[in-house]
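Chemist: Here are the chains, one letter per residue:
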Amino acid sequence: MIEDMKAEDIVGEYKETILQLYGSIARVVLYTEIETPYPDGKLIVSTTSPEGIITHVNRSFVEMSGYSADELIGSPHSILRHPDMPSVAFKDLWDTLARGEKWQGYVKNLRKDGGYYWVKATVIPNIRNGRLVSYTSVRRKPSRSKVEECCKLYPTLF
Amino acid sequence: MVAQTMTLHFTVSPDFSPDYIPGWYIFNTWFQRHTGEAIHLEMYDHFSSQRAAIQEDKIDMIYANPFDAAMLVREKGFAPLVRAKDVADEAIIAVNINSPVEDVADLVPGVRVASTDDPDVRLMGMILLEPGDLDGNNIESVTVDNYILLAKHLLKGDADVGIFLAEAFDGLSTVIKRQLKILVRSQIGVVHHALMVGPALRERRDELQQLLVDMDQDEKGRGVLASLGYSAWQRVDDEEMEFMIDLMDTLNT
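Sequence lines, in order, name chains S and C.
Counting from 1, position 20 in the first sequence corresponds to residue 20 in the working numbering; the numbering is continuous, with no gaps.
Counting from 1, position 46 in the second sequence corresponds to residue 1046 in the working numbering; the numbering is continuous, with no gaps.
This is chain C alone, in the form it adopts within the complex (with noise of 0.2 Å):
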């Protein structure tokens, strides 16, 4: 093997569940042992500081929110290597169980639009509040650090409406759950995250791309997977990517 004397630095979407942060670090501990690369893993807690280390090309591979997959393409030379098999991102939008409201059209410009700073599910429910006249200019936007703060908000009338991840509304407990209303669930099945690589491993592109479609072949790599939640990863290919970033790009307009 050869030696490798350049540590590569590693990062995560801050969007992920906590319950997966250590899963995550078991994944980089599989990657570093399959690959003989030296990987730093390093967790931002907001978007904004990540997104300033991917701009000083701080970062040589992320598991990237589907939002920020044109800038790491177009800008930073990134390629996708693979997806969660059967995972996407989708977007509810609800309200307090006593709300009047009942139908997205039912609600008014000046809503109170309670969020996380996740940008692909904001763009998405952003997109599900339309059909009611609501955009940007028109509503009163309330950011909160997490999903279980965002229920905290509808609860104790702190905002009027939620807008949150469909996999973080249904993972909220029972209890919570009960006190809520879904309005509408996005059925879009094409935005996803991806694991992507930037320069310095594009050449092992082939490679990395056929050690993580074969990881659920064997009882160790099934372990790690599920720990991050999933049950395999599916190749990514660059047209794929390149639909989804065009995608976005009309979901922004």
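Next up, chain S with everything else stripped away, as it sits in the complex (with noise of 0.2 Å):
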């Protein structure tokens, strides 16, 4: 399950919006402009079930994201969805992980505390034995520059 985000877990000054995450889930998200940057030489790595839910964090998922491994297995990867990050990319993560094909891409990613962090993500079907068993997607580090372009970029998709 997801649960909305508490005034209490935030750190600095926010702004409070409801986002419609997939499956007709309404999430109550309050977020800031504080930026955490990416650790050098890191990567997040995580695996879904085929429905998007979390089956496995690594460390570097806990630090970067501030919640604990136990709140984040169990939930939809929409916990980590930010405002700004337009609908229309994860329609096409969805579409492309449903023809059996990677996706890329740059992702500003909500952060407990109501900060924010951008990464580049690839994330990939599993198959096994012929068969889609999960989904792992692995961040590393984004160029300041293509983390720029978005930002001009993803304000016009909504």
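Calculated from the structure, these hints are not laboratory results.
One thing to keep in mind: the hints can contain errors.
[What the hints assert, rightly or not] Taking beta-carbon pairs under 7 Å as the criterion, some of the chain S residues facing chain C (in silico):
hint : residue
1    : T36
2    : D40
3    : L43
4    : T122
Note that CB positions come from ideal geometry on N, CA and C, so glycine has one too.
Need the complex rebuilt from these two chains, each delivered in its own frame; the hints are there to steer you.
Modeler: In structure tokens form, the structure reads like this:
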């Protein structure tokens, strides 16, 4: 399940909005303008079920998202969805994966404390014995120039 | 004991440290003694010649680079046995100590990037260069035979940036390391070499895994492991290997 964000978890001044997530879930989201830089040399790795429920996270995921592993596992991956991300980006992600292909893109993720971090994300379908069993998502440090391009492009996609 | 008539072929990823060549021969002797198999250890100088041997089905057991794991599992029917305990492949990006570059983001297209032909380290290194908007299309690649030559290229100014296996960088002499500057060190943790068996040994997989996992339980076994620079083996199951293959696949995109 995915819970609304709580004011006591937020660091700094925040705005509030309601995000419509996949599966008719409405989530109250609180967000700030505080960026956490992507750590050098690390990868954020997670695995989800075919339905997008998180089943595995690595330590970097826990550190960057601000959630504990227990909070992440069992939650939809959209727990990281930031209101500045256009839904068309995620539609492209799911359409690409549905074709059995890899998806790659630049994503602004929402932290538990309301802050954000940018990633270059690659998601691949995990096929075992010809059957889709899960998805693996690997995030790495994006270049600043790509992030700046996305900061200009994404607001035009709403 | 059943007499063995067929000689099997074992090989080691060519990126192993030269210090451990005798260790692999000692390991092969130990392995033959404990399994009753006749196994010839064949060392290749380059990944290309080793891959050609794999394609021709000349290899039955391999200590494999993670980059080759997908091909071994999916095309050649190999299965993982074990990995070295607490050992992971990591990459370092370094420059000459006198270079004005302090961050990967300071690097510019056209930069000369030196690496060996070690495929997983090069892949990880290129990912570490991405925050500087660098990729295979806008760098000048310089390939060298080993990590000592790579360091020399940086010291002599024959390359601007080097991609090192972290373990190899850490093993350079203090004098050389003092003349180099690390820009970034990967902390991936889940990319590792693995000892794998092909179809000829697959039926004995469980037994071989147990034999290797127990290797550090007696003094002789520990001595053989030490000659490879390892403390113990740990089991690699199919799902762990599939996960690493998927991970390498995402990095290779």
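Chemist: Hint compliance check: list the failing hint numbers for this structure, sorted ascending.
Modeler: 1
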